[in-house]
Amino acid sequence: MNQYLPLLGIVVVVLGFALRFNPMLVVPAAALTTGLLAGFDLIEVIGKLGKAFNDARIIIIPWIVLPVIGLLERYGLQQRARAVIGGFKAATVGRLLILYLLYRQVISAIGLHSTAGHPQTVRPLVAPMALAAAERQAGMDEETGEKVKAYAAATDNVGLFFGEDIFFAIGSIVLIQQTLEAYDIILSPLELAVWAIPTAIAAFIIHGARLLMLDRSLRHPKGARP
Amino acid sequence: MITIQLVFYLIGGLFAAWAVLSAFDRTNPKRFGNAAFWGLIALSLIAGHLLGDVANGFLVLALAALATFKLLGRGAPSTGDAERAAAGERFGNKLFLPILVVLVTAVAGTLLYLYTPLQETGLFEKNRETFILLCLGVLLALALIFAWLRPPLLAPIDEGRRLIDAVGWAAVLPLMLAALGLVLADTGVGKTIGSLLLTVIPEGTVLPAVIVFGVGMALLTILTGNAFAAFPVMATAIGVPLLIQGYGGDAAVVGAIGMLAGFCGTLLTPMAANFNLVPAALLELKDQNGVIKAQIGTAIPLLVVNILFIYFFAFR
Numbered sequence: 161m162n163q164y165l166p167l168l169g170i171v172v173v174v175l176g177f178a179l180r181f182n183p184m185l186v187v188p189a190a191a192l193t194t195g196l197l198a199g200f201d202l203i204e205v206i207g208k209l210g211k212a213f214n215d216a217r218i219i220i221i222p223w224i225v226l227p228v229i230g231l232l233e234r235y236g237l238q239q240r241a242r243a244v245i246g247g248f249k250a251a252t253v254g255r256l257l258i259l260y261l262l263y264r265q266v267i268s269a270i271g272l273h274s275t276a277g278h279p280q281t282v283r284p285l286v287a288p289m290a291l292a293a294a295e296r297q298a299g300m301d302e303e304t305g306e307k308v309k310a311y312a313a314a315t316d317n318v319g320l321f322f323g324e325d326i327f328f329a330i331g332s333i334v335l336i337q338q339t340l341e342a343y344d345i346i347l348s349p350l351e352l353a354v355w356a357i358p359t360a361i362a363a364f365i366i367h368g369a370r371l372l373m374l375d376r377s378l379r380h381p382k383g384a385r386p
Numbered sequence: 067m068i069t070i071q072l073v074f075y076l077i078g079g080l081f082a083a084w085a086v087l088s089a090f091d092r093t094n095p096k097r098f099g100n101a102a103f104w105g106l107i108a109l110s111l112i113a114g115h116l117l118g119d120v121a122n123g124f125l126v127l128a129l130a131a132l133a134t135f136k137l138l139g140r141g142a143p144s145t146g147d148a149e150r151a152a153a154g155e156r157f158g159n160k161l162f163l164p165i166l167v168v169l170v171t172a173v174a175g176t177l178l179y180l181y182t183p184l185q186e187t188g189l190f191e192k193n194r195e196t197f198i199l200l201c202l203g204v205l206l207a208l209a210l211i212f213a214w215l216r217p218p219l220l221a222p223i224d225e226g227r228r229l230i231d232a233v234g235w236a237a238v239l240p241l242m243l244a245a246l247g248l249v250l251a252d253t254g255v256g257k258t259i260g261s262l263l264l265t266v267i268p269e270g271t272v273l274p275a276v277i278v279f280g281v282g283m284a285l286l287t288i289l290t291g292n293a294f295a296a297f298p299v300m301a302t303a304i305g306v307p308l309l310i311q312g313y314g315g316d317a318a319v320v321g322a323i324g325m326l327a328g329f330c331g332t333l334l335t336p337m338a339a340n341f342n343l344v345p346a347a348l349l350e351l352k353d354q355n356g357v358i359k360a361q362i363g364t365a366i367p368l369l370v371v372n373i374l375f376i377y378f379f380a381f382r
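Residue numbers (this note's numbering), protein chains in the order written: chain V, 161 to 386; chain G, 67 to 382.
Just chain G, same shape as in the assembly:
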């Protein structure tokens, strides 16, 4: 069976190669910082399951220290814009083909595997099929590019490194936030906030309770960066005792749309780094919060809509 650990070995190998190439990149004034940073991530991917919690914890602190003391830099790109535009003219729309190979392998592969008897072969680890097929698509695409364009052997790793260097430490910030989320959950911070919110609801009317539930989901998501952390807290504090058991609201509506109210909060918070800060780095935006600013106008009206949906659909 192909397991997710095999995928981790593959990506760990990629990060290890980035670490080695970084160490030898004289165009990057901070090359050893990059080498250490990508090297530690490689270690986590390849051996994280063997290290134990405390060693992994020190690895996290080391990554944080490298980022905090600004020890990561960027090298000079290997080819210029004019050269790239000329190549684009020459190769034409066939350049899209390898990307399509990646996407089609992942999309069609997952569908084919999940909805045919192929699933019974147990070839892929359960619930991890798409990730495994995504990696397979990448390998197929690289084979295609090598057969067609014959790039230098290290070119895919070097060009990938150019992109991951542009992202920098933001590449692992989402994992840091996941770690913070767990600590917040373990220490009962969410419960405390939930019980504080409960005190502001006047008794006997449905709408204020629905509003506090919806706004509370969004607010707690903004603070923790994750609607998954907010949901159990808000369900326990308000959703179940007040909306479902107290006022007889439809549990499926309160649960499903309550979660979506939380997702509106995800659009508004730098804590959801994976969705909001990482793309800003990946697209080389000047303003780190540019993506969040573009989402405010969607998130707030949609939160209002979600609250109204709960009110009208759960209490029909």
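Okay, chain V solo, but in the shape it has when bound:
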């Protein structure tokens, strides 16, 4: 039964997130639990943590855009983004985010996935524009603002995840290829990438439909008078 002991690390993660402990405590605690129960010694586990952290530093790079965005916000960027959308009578949250979803899928599909993202495009452009559109559609209260911002971030994720695999030179395609190669199943990256297209279309339809539903819910807010 010894092989099941390290599963307690997963239990630590699930309980930690469920009980709303700080994830920065939960995650290293889970790593230490798992490592120690699997029979590694403490220094060995700490070394593994350090190595993986160091190897993953590339995740930090997009923060480099913050000085540009912060500076432009000082000169009124967010207000400007809102004013621009305020000028388009036909702009709604749903239509705006559908347009961004398409842009995000296409740009990811041609290998430019790291040119957009939450710091690069959502915070400076997409979120303020969506908020401005929502304000014109339904007026603004805290609940609407939260929902619209959450949908702006969600749209970026959906566009990225279900666009990037169409690009054949991406990490996940390489991983699939190498995993299957270990079983003498030889596939070219292109053979794999074409099978990302049906799901990309399905993701656009499903998420796009939800964005149009978001528009409807803004037009008829709960509890509003007819």
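Please note: incorrect hints may appear among the correct ones.
[As the list claims (entries may be wrong)] Among chain G residues calculated to face chain V with C-beta under 10 Å, some are:
no. : residue
1   : 91
2   : 124
3   : 126
4   : 211
5   : 240
6   : 267
7   : 270
8   : 274
9   : 277
10  : 293
11  : 328
12  : 340
No wet-lab data here; the hints were simulated from the structure. Here the structure is a predicted model, which means the values were calculated and not measured. Each residue gets a CB set at the ideal place from its N, CA and C atoms; glycine is no exception.
Assemble the complex: chain V is given as a structure, and chain G must be docked to it using the hints.
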């Protein structure tokens, strides 16, 4: 050649500047906590490759301790909303220009470099072109802003600090999760879960095996936060022996769409902090899980679609 380490030096310098400015920011009641936190990240970026695994590990634990004991705070913004709106009126749509400079440098630069003979110059480290060009775009945009608006010298760093303080410890949580993922992989936790899943599949029918494969990909991704960790496990436990070799399914379909089933799990888990928790902090949402809640309605139907796609396309 411009390498990724050069980029790390640049961003490390930025974090170091944030650390120093934090230490002197009297409007932030926890200024030394912020200084220590951003300073340690600067150290990791600048010297992480020299420190060795164990020293890096203690650096990780120190970051975790600073976050756990709530030693990070936020200062007061330098300008108010009314002032910003007035400036926005004055400068108009030209304010979008610097952002476009960043995006166009990264997009057009990458395309130009990868699809012309420029690539043969070997100017940029392979597979890191976009990151390097993103940084170049940022530097160009800053030069443009300085020439046009003449902000105070420290303004870009200070305004960037306002944003990174809003994100706080969530900025490095994705690296923590990557570290956890490696430990889980090294200790064989994924394999154990895969073999447990195998026991629930009835023999001789394809559809239940496809469902367990798809749901297992999503579930294991939810638990580990990363479809990359889930894929080798599920492929080894179910995908290859059962779906491909057992029932003769098309390997390209099982592999490609299986991975995408995992991505549906990524939309549902706080473990994928980079995509789900960090933007909640960056957009200053009240509800830490707001982004995940907005994604449930897309992820679950899409998972069902992916499972059906595997069933119909792999077993034509």
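Now the hints, each set against the structure:
1. For residue 91 (chain G), the suggested interface contact is broken, since its CB lies about 14 Å from the closest CB of chain V, more than 10 Å.
2. A least Cβ separation of about 7 Å between residue 124 (chain G) and chain V falls short of the 10 Å threshold, and the interface hint therefore holds.
3. Nearest Cβ of chain V to the Cβ of residue 126 (chain G): about 5 Å, under the 10 Å cut. The hint holds.
4. Because the closest C-beta pair between residue 211 (chain G) and chain V is about 6 Å apart, less than 10 Å, the hint holds.
5. Against a cut-off of 10 Å between C-beta atoms, the interface hint on residue 240 (chain G) holds, since the closest Cβ of chain V lies about 5 Å away.
6. The interface hint given for residue 267 (chain G) is violated, since its Cβ lies 19 Å from the closest Cβ of chain V, which is over the 10 Å cut-off.
7. Annotation: interface hint on residue 270 (chain G) violated; nearest CB of chain V at approximately 22 Å, more than 10 Å.
8. Because the closest C-beta pair between residue 274 (chain G) and chain V is about 21 Å apart, greater than 10 Å, the hint is violated.
9. Interface hint status for residue 277 (chain G): violated, as the beta-carbon distance to the closest one in chain V is roughly 17 Å, over 10 Å.
10. The interface hint given for residue 293 (chain G) is met, as the beta carbon of that residue sits about 7 Å from the closest beta carbon of chain V, less than 10 Å.
11. The closest approach between the C-beta of residue 328 (chain G) and any C-beta of chain V is roughly 9 Å, which is under the 10 Å cut-off, so the hint is satisfied.
12. The closest approach between the C-beta of residue 340 (chain G) and any C-beta of chain V is roughly 6 Å, which is under the 10 Å cut-off, so the hint is satisfied.
Checked against the numbered hints given earlier, this structure breaks hints 1, 6, 7, 8 and 9; the rest are met.
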